[in-house]
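Participant: If you read the protein sequences in the order shown, they are chains A and B. So for the first sequence, this note's numbering puts the first residue at 1281; every next one is plus one. So for the second sequence, this note's numbering puts the first residue at 31; every next one is plus one.
Keep in mind that the hints were calculated from the coordinates and are not lab data. Keep in mind that a hint or two might mislead.
Label-pair ranges, simulated between beta-carbon atoms [claimed, not checked]:
1) A/THR1286 / B/GLN275: 24 to 34 angstroms
2) B/ILE239 / A/ARG1396: 35 to 45 angstroms
3) A/HIS1371 / B/ASP243: 30 to 40 angstroms
4) B/ILE239 / A/GLU1524: 49 to 59 angstroms
5) A/THR1429 / B/ASP394: 42 to 52 angstroms
6) B/LYS302 / A/LYS1554: 34 to 44 angstroms
7) A/GLY1324 / B/ASP243: 31 to 41 angstroms
8) A/LYS1554 / B/GLN382: 51 to 61 angstroms
Computed footprint of chain A on chain B; a stretch qualifies when at least three of its residues, placed anywhere within it, have a C-beta under 8 angstroms from a C-beta of chain A [stated by the list, open to error]:
9) 78-84
10) 97-103
11) 106-112
12) 123-130
13) 257-265
14) 270-279
Now the stretches of chain A that chain B is said to cover, found in silico as 3 or more residues with beta-carbon under 8 angstroms [to be verified]:
15) 1327-1337
16) 1344-1355
17) 1388-1399
18) 1538-1552
Each residue gets a CB set at the ideal place from its N, CA and C atoms; glycine is no exception.
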Amino acid sequence: MVQQGTKLIHKYLRHDKKFPHVWCPGCGNGIVLGALIRAIDKLGLQKDDVVLVSGIGCSGRMPVYVDFNTLHTTHGRALTFATGIKLVRPHLNVIVVMGDGDATAIGGNHFIHAARRNLDLTAIIVNNQIYGMTGGQHSPTTPYGCKATTAVYGHIEHAFSISELAVTAGASFVARSSVYHAQLLDSILEKAILKKGFSVVEVISNCHVQFGRRNQMGDPVTMMKWLRDNAVRVEKAKSMEPQELEGKFTIGILADVEKPVYTEEYEKIREGAKR
Amino acid sequence: MSRKKSNNRYFLQGNEAVVEGALMAGCRFFAGYPITPASEISEILSERMPQVGGTFIQMEDEIASIGAVIGASLAGAKSMTATSGPGFSLMQENLGFACIAEVPCVIVNVMRGGPSTGLPTNPAQGDVMQARWGTHGDHPIIVLAASTVQDSYELTIQAFNFAEKYRTPVILLSDEVVAHTRETVELPPPDQIHIIDRIAPSMPPEWYIPYEDNSRGVPPMAAFGDGYRYHVTGLVHDVRGFPTQRPDEIDAFMRRLFRKITQGFNEIQITKEFFLDDAKVAVVAYGSVARSARRAVLDARKKGVKAGLLQLVTLFPFPRLKMEEVLRQCRGVLVPELNMGQISREVHRVNQGKCQVRKLNRLDGGLITPEQILIEILKM
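In isolation and in its complexed conformation, chain B is listed as follows:
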């Protein structure tokens, strides 16, 4: 890692921080396809992975990238891919495979303007609902959003921890501003970082039932080649992993998929608060927009408005309980986004008329400025 400033302080770009976070989390397999503004992650990992005994491969497209990532994870490696909008669209089918076969993996989507080729390379937040619902079929998913370089590091580790603990794909949303901004980050010493690894089966192979329910709803996972020969499929399967058409088995399986995430809501739904304790007007923001929101909150306070920020670190499962608290406490909530209001829909859904919810949307490829947010705060 270059640009060391002092002991644990580094001057890094968001994409570089994702790489450092991934390696710290134990990621040893990366497959990707070139795309702006995510390419730095591939480039740096092509150099770093062999140094740590891991594997980097550039695949023929994003479909192949996530396929290789899933295969690598099934063989026991913590695995990741990184892309941007068009590539993220191509990954959706296999993302569903990772959900149904419960294969831990991390997908970083450095968002740029869309739809289609859209706006390379300008920031946007248009992929929020795609991250939630992009793959077909009903499914739970964990989506995190980084707003700083420090976030990029910490949330990449968090993404791996969630993926491994819950046996699920985790999507980390970044955007062009976060990915390419350079700022000072403090990387904690390795012994202070909590790393979670998937739980391997402790029983002998003949007793292993690969998709058997337990209190956590997350079965232990054997790697191919470890002596636990079992079947992995994208078909709905019974506890042994074999395809099933039996309604009782299908229902039990689907409900467990949801339950394992629901049971973890307390830990998964991460938010950050900024001057929220006595706030009467709250800004709800995530990603690069949360940066502008912090400044706007400070400026509003200077003008005597009791403003605060609720930063959504976890977008899905949507942090409903925390959101409800804020909606009850405030007279108004502003949701600035680089889309036409994908998260504000969620806020409205939770609001149920508790308070005034306003949107602030920017789609021209620029970042929402603190001034734009301040003006809206002052109207509320």
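Isolated chain A, as found in the complex:
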């Protein structure tokens, strides 16, 4: 099983070109990339029809390793580039990978507007609660009280709940998983790619090097256990009290609604305007 999965992933990697990768040993990014490849393979998408777009940060390096049309944009702006691609070639499957700082700090405006606009994009946000690549500064999802290199006395700001933000902003499909819950992640990604409309997949990930080390979780196994112990299924969370959910995160599908898709609406405008 493991070997089969590995072989499958190899079909999609740019072996001869860009390895070894830049990620630290034990990083969650590999799990996310593996899940994405499995989802694309299962859906039978052609490599030529997949565009993988990223921003800046550790997650931003993801496209370089895979054999699709790949675009590594500027910090926070991945969704804007993806918007241009999708509008010109609506048949392409445009998948956008971002980090938490990338998508919700510097790119926060683009994120909420992409959700509101409902263009048929798939946004994957790898949420490791920290700026990893730049050395462990606090991000919009760093929990209150945690330590970071720019919050050495403990963080006094409050974290965004990215998925809930996406639901409120109007995304058609919103789901959350973690790198511990890899099977759930596989199935969520499939659904997100298939979904017509703006879909958001938030993946809580481990950065034991920059986040964990400063917060008593300095190795990947400890962080994986933390992900396991603090995840609550969306269905179960409905019957829980708010205080029981304190410090935990929900996993599963948070929103799945049907809305008019931008490209289809615009095609109608074109038809009307030509008359």
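Here the structure of chain A is known, so what remains is to put chain B in place on it, guided by the hints.
Facilitator: Below, chain B alone, put in the same frame as chain A:
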């Protein structure tokens, strides 16, 4: 297009002419954000783009606008955005992305007074050096300046042609006077207009090396979805498009970026001459100020002064050779600008003591008048 006068003659505003030029050039994607005095370009294109099967989108800000423009160009569409000072500032980072990833696109900056919110809506030419150096890092760029409505049409087409031919962003500077003046323009029949499209790869995908050098220094460009799967990044990259730290690859890449523009200097550096043949005093002007300069040259001639105008259509790469000719020929050169002397610095740099170079600057939100220029000409 409204306000047709006769066969090919139209009564248009500068911003309208930009739209017509863009559509004629084959622009099929526009993303923008409302800003005065550029908004008409967005408004008209929101109506026209769907009619021609193209796409218009109003984005959440100017950063997103140029991001979408770059994405659209990578997907194969000729793409444009239009803005004014504050929006142009926001675009600078992604402008650099278009430079390094060699993505053709056109950015129209209808200049207004600055800095900051500045003077909406009065003409100014304060963004000249920002157009040249606004994005970080060393880079070549092409900057054109329109002075009439006719220019706005022709130079928008020219901007697309340069962008596509050299795989580079091209900035078209207009200003409030040019953008909002209505005048009669003659739009040539489509078969007389030269349109350049980017060169697509002719080799099979497995042989395609996306950033490989050639004699032109401009690699063929594949669109996403055409079967040429490759990597595009804002990192300095090797010929395959993958990030590199190797000094030999970095040097070769950076030098090619510059070389592809340098090799095109003859064609890119456009100037217009007006009574320059026997001129002893030359006015060097661009944009709306060139309009006043034409009148001033005529008035000076009436007074017996052999005056002429060198209109800079291309501001960057700076038309050095033509400028040197003028500096050698004349006893004095006057550079009137709606800034404190951004192009006059370039003229001084080229001058090297050949002749007297004087500035004439206006910053109060008004246009430099022919009288102001005439007075200065008569002093030289």
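Participant: When the structure is checked against the list of hints, which entries are broken? Sort them ascending.
Facilitator: Checked against the structure, no hint fails, so every one of them is satisfied.
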